[in-house]
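**Q** Residue numbers (my numbering), protein chains in the order written: chain D, 1 to 281; chain H, 282 to 686.
Keep in mind the hints are simulated off the structure, nothing from the lab. Model, not experiment: these values are computed from the prediction. Be aware that a few hints might be false.
What the hints assert, rightly or not - Taking beta-carbon pairs under 10 angstroms as the criterion, some of the chain H residues facing chain D (in silico): (1) Arg301; (2) Asp326; (3) Pro330; (4) Ala335; (5) Gly341; (6) Asp367; (7) Gly371; (8) Arg374.
As the list claims (entries may be wrong) - Computed, partial: chain H to chain D, Cβ under 8 angstroms: (9) Phe299; (10) Gly300; (11) Ser323; (12) Pro327; (13) Ala328; (14) Gly339; (15) Ala364; (16) Arg368; (17) Ala402; (18) Gly403.
Said to hold, decoys possible - Which chain D residues stay away from chain H? Per the calculated CB distances, all over 12 angstroms, these: (19) Lys16; (20) Leu71; (21) Ala78; (22) Ala133; (23) Glu138; (24) Asp177; (25) Gly217; (26) Ala231; (27) Ala246.
All residues carry an ideal CB built from backbone N, CA and C; glycine is no exception.
Below, each chain spelled out in residue letters.
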Amino acid sequence: MSTPTVLMGAVAYDPKVVTIWEGFRAWLRGRGLDFDFVLYSHYERQVEDLVAGRIDAAWNSPLAWLRAERLAAANGTAVRALTMRDTDQDLTSIVVVRADSPVRQVADLAGMLVAVGAVDSPQATLIPLGHLAAAGVEVDVRRFDVGVGLHGDHIGGERDAARALVAGEVDAACMIDANHLAFVQEGTLPPEGTRIIAQTARYDHCNMTVRQPESAGVRLFGTLLLGMSYADPQVRPLLDLEGLTAWKDGRTTGYDLLARAVDATGFFSPDGRVTATDYRP
Amino acid sequence: MSAAPAADVEVHLGDLGFGRGAHLLVQRALAGLPPGGRLAVSGRDPALPVHLPAWCRGRGHRVEWPALGDRSELVAVVVRGTADDDRWFGAERAGPALPSALSSRPPARWGLGARGALLEAGGPEARFDLDDRDLVWADVAPHLYAQAAARQWDPQTAVPWADPFALPADVEAAVVQVMTYLVENEQAALVVPARFVGRIHPHFREVVQLLAVQMADEARHMEVFSRRALLRGTELGTSSAGGRHSLFTLVAESDFALASFLLSVLGEGSFVDLLSFLHQNAPDPVTRRVCWLAMQDERRHVVFGMAHLEHQAQLDPLLRDRLRAAIHRRHDALVDTAGLNADVFDALVVLAAGGWHPDDVSAGFDRVQALQHAMDQGRQRRLVRLGFRPDEAAALSALHTRNFM
């Protein structure tokens with residue numbers, strides 16, 4: 001019987017992606033899976049290649065997951081979330097104002113200028129703007145398009161939005177909960193200089209998307225990922241770099257907020273085409 | 282209304298937020314719980330409901346929320362995950378912290394971890410090839426290091442550079458020549474330990490520290506000898522090819538025990554006698570002082586070299602064979618060289634003569650011969666302490682390089 005194989009796509013949003021997946025590759029190969037990966041410069045080509053069968057798995061952003069799901073359905077096939085990181089579950093985004101701002105609640109933001117991340121950032125643009133829209137609040141938006149095509153994996157847009165808030169250039173800024181804490185701890189935001197006026201419902205982030213039906217290699221891939229232990233000194237540094245302590249079974253119940261935002265803004269068409277007019281990955 | 286989630290312990294953060302270190306209190310409270318243990322976290326910082334779960338998510342802890350409408354200050358119940366324990370699974374102490382119970386062969390995986398620290402598993406295998414306690418250690422090393430560190434002196438203030446004196450030109454030239462020779466030798470004495478410091482396993486840190494201070498000693502010696510040489514002029518004396526050849530055989534020795542034997546026990550030991558001679562015969566206060574200061578340091582270097590070789594000689598009866606062979610090898614390598622720079626020998630006679638009357642020169646010559654005799658006697662004494670028979674010690678001492686060092 002031949003060795004099970006998997007070719008996975010990952011987006012090179014940071015040089016550490018090479019370190020992480022080269023390390024995982026050695027670990028997976030040592031356990032009987034002929035694993036390799038290819039790097040993409042943005043998520044759109046990765047999703048298209050997954051659905052076209054050119055790769056077996058895609059380490060996908062939540063936005064890339066939604067597009068893969070739609071493209072596959074339009075193609076008469078299906079995809080599944082094989083695994084996700086423990087840190088991908090139950091995230092929230094928040095809207096922040098300066099501590100001395102007259103804004104007390106979301107409604108007070110009407111007509112004000114709100115900083116967001118890149119056009120394709122689920123956590124710093126699409127989901128929080130969807131939250132404001134759902135509350136019936138119309139705002140002016142100042143976007144910080146850093147790393148477009150990386151679906152918000154690059155933190156630069158969120159950080160620039162936070163800086164614009166501190167500089168008084170905007171009335172509010174949107175970011176993921178963990179980045180608010182990180183920005184406070186690193187000094188981008190003064191410790192008591194901001195106030196959180198809105199928090200979205202919980203949603204999920206990345207997942208390892210695979211085509212269905214799954215090959216023996218993909219099944220083994222899922223089993224091996226779930227078996228990675230934080231107590232294993234060989235993989236622990238890689239898990240630290242990738243920002244997880246354990247892989248979990250993939251779930252797709254946490255993407256509704258983003259799907260609604262995608263539909264409301266027409267970011268993707270129902271059949272998975274990119275329809276956002278100002279999105280150039 | 283449903284009750285708040287049950288908890289084993291609780292922590293109250295008051296007004297403290299995660300932006301100002303609240304995580305430390307949460308972490309401390311969690312540390313007392315087993316995985317699965319439950320910690321109720323209360324606090325008034327408005328950002329807590331956002332920051333606490335974000336922080337927990339990154340560390341593998343789960344959170345449970347109070348019921349809607351809960352009016353207490355309870356923010357959430359944190360269910361302790363396993364990541365903190367998993368990180369330290371397989372961790373080990375890098376030996377005992379104190380030098381009284383050193384590991385005889387510290388493993389490469391301890392690497393640059395501080396001796397006695399709890400090491401997370403999975404670090405680099407750092408290869409320090411001098412990793413045998415018996416090859417590098419001496420029980421006196423911590424004491425010597427402390428003493429050496431306490432006795433560092435400032436070249437600027439420890440020497441009376443501005444004291445008035447005037448020497449006849451030929452006496453000044455003799456001082457310059459001797460200083461030139463000393464600088465050259467101290468350069469070698471700095472480079473030799475430098476080549477070993479990076480090879481000694483950090484577990485034996487007191488030895489590394491001692492050698493580092495020893496190098497700092499040599500650096501100061503080079504400075505004060507150079508400065509004395511240039512105190513009244515702009516040029517240094519001569520450097521013979523044979524002298525440099527002799528010193529290079531020291532630098533090229535790659536065996537730690539043999540290098541310390543040749544450098545510290547034989548070379549620096551002889552050097553202490555030379556510096557003592559110069560201190561007694563110096564024609565000016567600056568020369569007298571720099572030689573005295575250097576001599577104090579060199580004595581310490583000899584003590585360490587002797588201590589660790591004595592320790593090793595007790596454990597390894599074959600060590601003396603290796604030491605004997607090293608002396609022969611160095612003698613053979615230098616047999617075709619002229620030995621001590623003739624200019625240096627002459628300068629020593631001039632310094633010891635103190636004048637140009639034939640009787641003065643004769644007396645100076647005698648004093649230099651007495652110096653050479655003292656050097657020989659010192660080497661023999663140290664060789665006997667290392668276990669050589671007196672007659673063999675005399676023969677080996679005679680083979681030692683005529684370059685003194």
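**Q** It remains to establish, for every hint, whether it holds in the given structure.
**A** So, going through the hints one by one against the coordinates:
1. Given hint, Arg301 (chain H) at the interface with chain D, holds; its Cβ is 5 angstroms from that chain's nearest Cβ, closer than 10 angstroms.
2. The restraint placing Asp326 (chain H) at the interface with chain D holds, with a minimum CB-CB distance near 9 angstroms, inside the 10 angstroms limit.
3. Contact between Pro330 (chain H) and chain D, as hinted, is supported at the beta carbon level, the nearest pair being about 8 angstroms apart and thus within 10 angstroms.
4. For Ala335 (chain H), the interface hint holds, the least distance from its beta-carbon to any beta-carbon of chain D being 4 angstroms, beneath 10 angstroms.
5. With 10 angstroms as the threshold, the beta carbon of Gly341 (chain H) comes within range of chain D, its nearest partner Cβ sitting at about 3 angstroms, so the hint holds.
6. Contact between Asp367 (chain H) and chain D, as hinted, is supported at the beta carbon level, the nearest pair being about 4 angstroms apart and thus within 10 angstroms.
7. Satisfaction of the interface hint for Gly371 (chain H) is found here, the shortest Cβ-Cβ separation to chain D being roughly 6 angstroms, below the 10 angstroms cut-off.
8. Interface restraint check for Arg374 (chain H): the shortest CB-CB distance to chain D comes to about 16 angstroms, outside 10 angstroms, so the restraint is violated.
9. Evaluation of the Phe299 (chain H) hint against chain D yields a held restraint, the C-beta minimum of about 6 angstroms falling below 8 angstroms.
10. Taken as an interface hint, Gly300 (chain H) checks out: its beta carbon lies about 4 angstroms from the nearest beta carbon of chain D, inside 8 angstroms.
11. The interface hint given for Ser323 (chain H) is violated, since its Cβ lies 18 angstroms from the closest Cβ of chain D, which is over the 8 angstroms cut-off.
12. The beta carbon of Pro327 (chain H) comes within 7 angstroms of a beta carbon in chain D, closer than 8 angstroms, and the hint placing it at the interface holds.
13. The interface hint given for Ala328 (chain H) holds, since its Cβ lies 6 angstroms from the closest Cβ of chain D, which is under the 8 angstroms cut-off.
14. Interface restraint check: Gly339 (chain H) against chain D, minimum CB-CB distance 6 angstroms, threshold 8 angstroms, status holds.
15. Interface restraint check for Ala364 (chain H): the shortest CB-CB distance to chain D comes to about 4 angstroms, inside 8 angstroms, so the restraint holds.
16. Because the closest C-beta pair between Arg368 (chain H) and chain D is about 7 angstroms apart, less than 8 angstroms, the hint holds.
17. Checking Ala402 (chain H) against chain D: minimum C-beta separation of about 4 angstroms stays under 8 angstroms; hint holds.
18. Because the closest C-beta pair between Gly403 (chain H) and chain D is about 3 angstroms apart, less than 8 angstroms, the hint holds.
19. The beta carbon of Lys16 (chain D) is kept farther than 12 angstroms from every beta carbon of chain H, the shortest such distance being approximately 16 angstroms.
20. Every CB of chain H lies more than 12 angstroms from the CB of Leu71 (chain D), the least distance being 30 angstroms, so the non-interface label holds.
21. The claim that Ala78 (chain D) is not at the interface with chain H holds, since no C-beta of that chain comes within 12 angstroms of its own (minimum 29 angstroms).
22. Non-interface call for Ala133 (chain D) relative to chain H: holds, since the shortest CB-CB distance, roughly 21 angstroms, exceeds 12 angstroms.
23. Distance to chain H confirms Glu138 (chain D) as a non-interface residue, since its nearest Cβ pair spans about 25 angstroms, more than 12 angstroms.
24. Taking the minimum C-beta to C-beta distance to chain H, about 4 angstroms, the non-interface status of Asp177 (chain D) is violated against the 12 angstroms cut.
25. For Gly217 (chain D), the shortest C-beta to C-beta distance to chain H comes to about 28 angstroms, beyond the 12 angstroms cut-off, and the non-interface label holds.
26. The non-interface label for Ala231 (chain D) is inconsistent with chain H: the shortest C-beta to C-beta separation is roughly 4 angstroms, within 12 angstroms.
27. A beta-carbon of chain H is positioned within 12 angstroms of the beta-carbon of Ala246 (chain D); the least distance is around 7 angstroms.
The structure shown violates the earlier hints numbered 8, 11, 24, 26, 27.
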